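Asker: Residue numbers (our numbering), protein chains in the order written: chain A, 118 to 178; chain B, 387 to 873; chain C, 387 to 873.
Errors might be hidden in some of the hints.
To be verified - Some chain B residues well away from chain A (every beta-carbon gap over 10 Å; in silico):
| # | residue |
| --- | --- |
| 1 | Gly472 |
| 2 | Arg538 |
| 3 | Arg663 |
| 4 | Asp685 |
| 5 | Asp747 |
| 6 | Asp796 |
As the list claims (entries may be wrong) - Derived CB-CB ranges, DEER-like:
| # | chain 1 | residue 1 | chain 2 | residue 2 | range |
| --- | --- | --- | --- | --- | --- |
| 7 | B | Asp694 | C | Ala467 | 54 to 62 Å |
| 8 | C | Gly588 | B | Ala745 | 52 to 60 Å |
| 9 | B | Ile540 | C | Asp465 | 55 to 63 Å |
| 10 | A | Ala168 | C | Val709 | 46 to 54 Å |
| 11 | C | Glu427 | B | Asp809 | 40 to 48 Å |
Just so you know, these hints were derived from the structure itself, not from any lab.
Predicted, not measured: the structure shown is a model, and the values here were computed from it.
In this text, a Cβ means the ideal position worked out from N, Cα and C, and glycines have one as well.
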Amino acid sequence: DTEETGTPQDRVFVPPRLRRKAREDGLDLSSVRGSGPGGRITAADIRAASAADDGGQETPD
Amino acid sequence: MVVGDVTTATDVLVIGAGPAGYVAAIRAGQLDLDVTLVEKEAYGGTCLNHGCIPSKALITATDVAHGAATAEEMGIHADPAIDLSGMVSWKDGVVDQLTSGVEKLCKANQVSLLEGTATFVDEHTARISHSGEGQGSESLEFEHAIVATGSRPIAIPDFSFDADPVIDSRQALALDSVPDSLVVVGAGYIGMELASVYAKLGTDVTVVEMLDSILPGYDDDLKRPVKQRANDLGIEFVFEHTASEWYEPDEDIRVVAEPVDGAAANGGSAEAIDEERLELDVEKVLVAVGREPVSDTLDLEAAGVETDDRGIIQTDTRARTNVDHIFAVGDVAGEPMLAHKGSMEGQTAAEVIAGEPAAIDHQAMPAVVFTDPEIATVGLTETDAEEAGYDPVVGQFPFRASGRALTTGDADGFVKIVAEESDGYVLGASIVGPEASELIAELCLAIELGATLEDVASTVHAHPTLSESVMEAAENALGHAIHTLNR
Amino acid sequence: MVVGDVTTATDVLVIGAGPAGYVAAIRAGQLDLDVTLVEKEAYGGTCLNHGCIPSKALITATDVAHGAATAEEMGIHADPAIDLSGMVSWKDGVVDQLTSGVEKLCKANQVSLLEGTATFVDEHTARISHSGEGQGSESLEFEHAIVATGSRPIAIPDFSFDADPVIDSRQALALDSVPDSLVVVGAGYIGMELASVYAKLGTDVTVVEMLDSILPGYDDDLKRPVKQRANDLGIEFVFEHTASEWYEPDEDIRVVAEPVDGAAANGGSAEAIDEERLELDVEKVLVAVGREPVSDTLDLEAAGVETDDRGIIQTDTRARTNVDHIFAVGDVAGEPMLAHKGSMEGQTAAEVIAGEPAAIDHQAMPAVVFTDPEIATVGLTETDAEEAGYDPVVGQFPFRASGRALTTGDADGFVKIVAEESDGYVLGASIVGPEASELIAELCLAIELGATLEDVASTVHAHPTLSESVMEAAENALGHAIHTLNR
Ligand SMILES: Cc1cc2nc3c(=O)[nH]c(=O)nc-3n(C[C@H](O)[C@H](O)[C@H](O)COP(=O)(O)OP(=O)(O)OC[C@H]3O[C@@H](n4cnc5c(N)ncnc54)[C@H](O)[C@@H]3O)c2cc1C
Ligand SMILES: Cc1cc2nc3c(=O)[nH]c(=O)nc-3n(C[C@H](O)[C@H](O)[C@H](O)COP(=O)(O)OP(=O)(O)OC[C@H]3O[C@@H](n4cnc5c(N)ncnc54)[C@H](O)[C@@H]3O)c2cc1C
Numbered sequence: 118d119t120e121e122t123g124t125p126q127d128r129v130f131v132p133p134r135l136r137r138k139a140r141e142d143g144l145d146l147s148s149v150r151g152s153g154p155g156g157r158i159t160a161a162d163i164r165a166a167s168a169a170d171d172g173g174q175e176t177p178d
Numbered sequence: 387m388v389v390g391d392v393t394t395a396t397d398v399l400v401i402g403a404g405p406a407g408y409v410a411a412i413r414a415g416q417l418d419l420d421v422t423l424v425e426k427e428a429y430g431g432t433c434l435n436h437g438c439i440p441s442k443a444l445i446t447a448t449d450v451a452h453g454a455a456t457a458e459e460m461g462i463h464a465d466p467a468i469d470l471s472g473m474v475s476w477k478d479g480v481v482d483q484l485t486s487g488v489e490k491l492c493k494a495n496q497v498s499l500l501e502g503t504a505t506f507v508d509e510h511t512a513r514i515s516h517s518g519e520g521q522g523s524e525s526l527e528f529e530h531a532i533v534a535t536g537s538r539p540i541a542i543p544d545f546s547f548d549a550d551p552v553i554d555s556r557q558a559l560a561l562d563s564v565p566d567s568l569v570v571v572g573a574g575y576i577g578m579e580l581a582s583v584y585a586k587l588g589t590d591v592t593v594v595e596m597l598d599s600i601l602p603g604y605d606d607d608l609k610r611p612v613k614q615r616a617n618d619l620g621i622e623f624v625f626e627h628t629a630s631e632w633y634e635p636d637e638d639i640r641v642v643a644e645p646v647d648g649a650a651a652n653g654g655s656a657e658a659i660d661e662e663r664l665e666l667d668v669e670k671v672l673v674a675v676g677r678e679p680v681s682d683t684l685d686l687e688a689a690g691v692e693t694d695d696r697g698i699i700q701t702d703t704r705a706r707t708n709v710d711h712i713f714a715v716g717d718v719a720g721e722p723m724l725a726h727k728g729s730m731e732g733q734t735a736a737e738v739i740a741g742e743p744a745a746i747d748h749q750a751m752p753a754v755v756f757t758d759p760e761i762a763t764v765g766l767t768e769t770d771a772e773e774a775g776y777d778p779v780v781g782q783f784p785f786r787a788s789g790r791a792l793t794t795g796d797a798d799g800f801v802k803i804v805a806e807e808s809d810g811y812v813l814g815a816s817i818v819g820p821e822a823s824e825l826i827a828e829l830c831l832a833i834e835l836g837a838t839l840e841d842v843a844s845t846v847h848a849h850p851t852l853s854e855s856v857m858e859a860a861e862n863a864l865g866h867a868i869h870t871l872n873r
Numbered sequence: 387m388v389v390g391d392v393t394t395a396t397d398v399l400v401i402g403a404g405p406a407g408y409v410a411a412i413r414a415g416q417l418d419l420d421v422t423l424v425e426k427e428a429y430g431g432t433c434l435n436h437g438c439i440p441s442k443a444l445i446t447a448t449d450v451a452h453g454a455a456t457a458e459e460m461g462i463h464a465d466p467a468i469d470l471s472g473m474v475s476w477k478d479g480v481v482d483q484l485t486s487g488v489e490k491l492c493k494a495n496q497v498s499l500l501e502g503t504a505t506f507v508d509e510h511t512a513r514i515s516h517s518g519e520g521q522g523s524e525s526l527e528f529e530h531a532i533v534a535t536g537s538r539p540i541a542i543p544d545f546s547f548d549a550d551p552v553i554d555s556r557q558a559l560a561l562d563s564v565p566d567s568l569v570v571v572g573a574g575y576i577g578m579e580l581a582s583v584y585a586k587l588g589t590d591v592t593v594v595e596m597l598d599s600i601l602p603g604y605d606d607d608l609k610r611p612v613k614q615r616a617n618d619l620g621i622e623f624v625f626e627h628t629a630s631e632w633y634e635p636d637e638d639i640r641v642v643a644e645p646v647d648g649a650a651a652n653g654g655s656a657e658a659i660d661e662e663r664l665e666l667d668v669e670k671v672l673v674a675v676g677r678e679p680v681s682d683t684l685d686l687e688a689a690g691v692e693t694d695d696r697g698i699i700q701t702d703t704r705a706r707t708n709v710d711h712i713f714a715v716g717d718v719a720g721e722p723m724l725a726h727k728g729s730m731e732g733q734t735a736a737e738v739i740a741g742e743p744a745a746i747d748h749q750a751m752p753a754v755v756f757t758d759p760e761i762a763t764v765g766l767t768e769t770d771a772e773e774a775g776y777d778p779v780v781g782q783f784p785f786r787a788s789g790r791a792l793t794t795g796d797a798d799g800f801v802k803i804v805a806e807e808s809d810g811y812v813l814g815a816s817i818v819g820p821e822a823s824e825l826i827a828e829l830c831l832a833i834e835l836g837a838t839l840e841d842v843a844s845t846v847h848a849h850p851t852l853s854e855s856v857m858e859a860a861e862n863a864l865g866h867a868i869h870t871l872n873r
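Just chain A, with the same shape it has in the complex:
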């Protein structure tokens, strides 16, 4: 199904490069909290979430 419509809940305003990163890390983006302007999910948020997922430490920028 290639339906592009989403609901405010499942639509994530994240650029392709970060969506791919999240998939690489096996992350569900809807569970990542955005710390960027307007609640945007940033690369750092994804790194932090995958580190937490792995039970590991977040690597500092």
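Once you've looked at the hints, dock chains B and C with the ligands against the given chain A.
Answerer: Chains B and C with the ligands in isolation, oriented as in the chain A frame:
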């Protein structure tokens, strides 16, 4: 060519070399997969041979002539003569250049090319039958398959495409003379694009449409300029009628159009019925009522691949069918039946097979109608957005306020942008007007990147360009457009 | 109109109603500032009256005719007749529509309009002198001023614009007959745009340029298709020569072009000098060697505002001059002398005055040359990027591999994208080819938003469009373009 039954093996078998299949094959080759691409007819599929490319070639060429013929306002007086066979052979040259390009690109990316028709034998075997010279067949074992067999025009009862005066879009793109008159059945995008081409070639065109307007699915404000220009071109419309039969009373054919909800359906009197039934005497009738997936000639069952009741192969966000190692991409995998959708799916399937973290997760899928003027849309309309639970804000900019549009003499239409009011995220856009097909790209990127209205409005756009209208629409949604009054 | 000396006051005085000034005024009005816009000649400034708009109107109109006349390959046979006075009056109609639009938009945004010439009296006072009917002058006190007086063509020695056969770009856009022959002095973008217009109107055009190529500042690969098409149009080029004098031996004028680094400069023999000197007998000579700021007729010193030695008013990232409450925007504030740069600065100045946190901090400033084909650039070239310490990767896509370009019969040129290799951030792009002016918008947004090559490459682009070439160039930079071979 191999005659008889030989079994070879491939890692990835791609069936169909349209924009879904050949892109899948090239990408698979780039990812160092061993890939075989089987095509029964012509590289490039419907799109390059009988769809996107030839239609756009004829649209552009007839526009060049029509544009010059109607530029008296600009001080240009021309009476261009069109030589259809010259135009068609130019178009064929464009197609040849592109299809031979596809073949070369496949080879350069180590794709093995096989001419023939593929059918499934079991979950891991296909039979490839060759017609013509290399007649016979061979078996091919595969680890993964990508089904990309595309779609074909839907026929309507009593209008068999085998009868000479009844044509489909493919034949309409390869006529060798301009018909005096033509009925187009179906006012979808294919019907409307071809109606304009023929009207510009000088044909008297009548469009018969079951519904009550052109381009079902598009918002009324987008259709209006297209309908207007079609009227200006002399195209006649018969809405809420279906083409029910045709016969040949004399040289011309007579196409009968019955009202959909008319007297007949309501058990009316014979007179009432007669009054609503139309008889259209024309040279040809083009049936363009939609396309259906090519999934019934593949023995899909042998591989255990399921389709829905329309024949569409159901897939997940990895382009996978219900059988894990078999993928389906392009028209055969369902709506929207558009080339770029198929290419994106093809690329995804190849990457998934190669073990990459790819998925069909695009936020923006544009659709373009190459009518006069063009329509292009992406993402959500205002209504969609409301239904999805957003609180949409809409910004609009009319091309008649665009300096660039006025300098091209073509200033009908507008850019509309839909965003979430609370945070400004762009949710969708629609454009009708000059270069709509190109202007939509910026909005696709905006949506894909998660841009806000402010992002689009603060990006400097070159002057004088049509793309400034995108910026102005965003500013209008924010309440501070410069070149139009704000809401 | 008021005669004599009356003093009124305004919060924001904007001097000059070009795209920098009128945008500043409208934005100030939207922000509820009390704003007065003074213009001495015509709303819309150079851009709407004598620059961007009339030039693009004539470029497009001559292209319509030229396109049809050269479409035999497409099966179109036309021999369009151009009636220049018709074309010019159409162009004037477009200009009128836009300039009266500007006037209306100003009024709708509560901008007070004042016709006259402004000069500074002191830091907080300007004198507005009216010519014609309402002759006289008045004083205007202001809290803030925005100087937006634009630029004018640079004259060269011995070629006074007052002499009839010597024209500037403004006059070239308002000729009432097509000259048989024309020398264009200067192969910058204005000279090249107008050279094409006249060549397409049938004039024998010779371009005399001091440097050794057209369009100084642009990369060679971008210039090549433009130079090629100019040659095809019959435009002659005389490089490394300056126009030194002209006289009227008979009906035509004779323009003398001296070599820049020739025998004369090197103390050569009289014969050597004569050999290199060229005499061009033509009907008119268009001087287009650049533009200079209009800052010398304003009594800027009275307000204490400083300029550099070229007369350009220096400003900071808030568009502020050295005097805190006086701003300068548009051409008078320096390069790039482009309308959209001026509008952006005008908008910023108005917002800063209103206390908003605005700044000139755009990452992407496009530049477009409306030659045939068009050139559009934004951000850094590969060389720029290296010099700035980046490690650039370049992706390219030729339009001859674009299905859409081939269907328009216009497939010269390419899209090039420059990014940082390590993280893929897009740094710049350049395009030469069809619709370059529109295609650049997506890349401006990409740069402005900090997009990477992957973002651009993963965005679905509609098929068949020229914008797919942008995506393919990004894919090429990543090493996996579909429709071209990768590096
Ligand atoms: C007139 C017209 C205009 C169009 N204009 C546009 C447009 O402007 N933009 C747009 O995006 N879309 C347009 N489309 C739609 C577009 O053509 C399709 O969406 C696109 O071609 C689908 O690609 P595909 O690869 O899925 O299938 P196709 O292009 O249909 O290719 C399928 C290929 O599979 C081959 N095949 C089928 N079965 C077998 C088999 N068993 N064995 C071997 N080979 C097989 C076929 O021969 C064919 O070559 C247009 C269509 C038409 C008809
Ligand atoms: C032939 C040509 C083609 C061009 N094409 C393009 C193009 O395609 N794209 C592009 O971006 N740019 C183009 N330009 C450049 C563009 O026109 C300028 O960059 C733009 O007009 C600058 O805007 P501005 O508001 O700074 O100044 P201007 O547009 O020059 O406006 C200044 C205004 O100030 C008025 N004025 C001056 N002094 C006073 C005074 N003392 N009191 C009152 N009023 C005063 C003038 O009458 C004028 O109306 C082109 C220029 C030319 C000549």
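Asker: Flag every earlier hint the structure violates by its number, smallest first.
Answerer: Structure breaks hints 5, 9.
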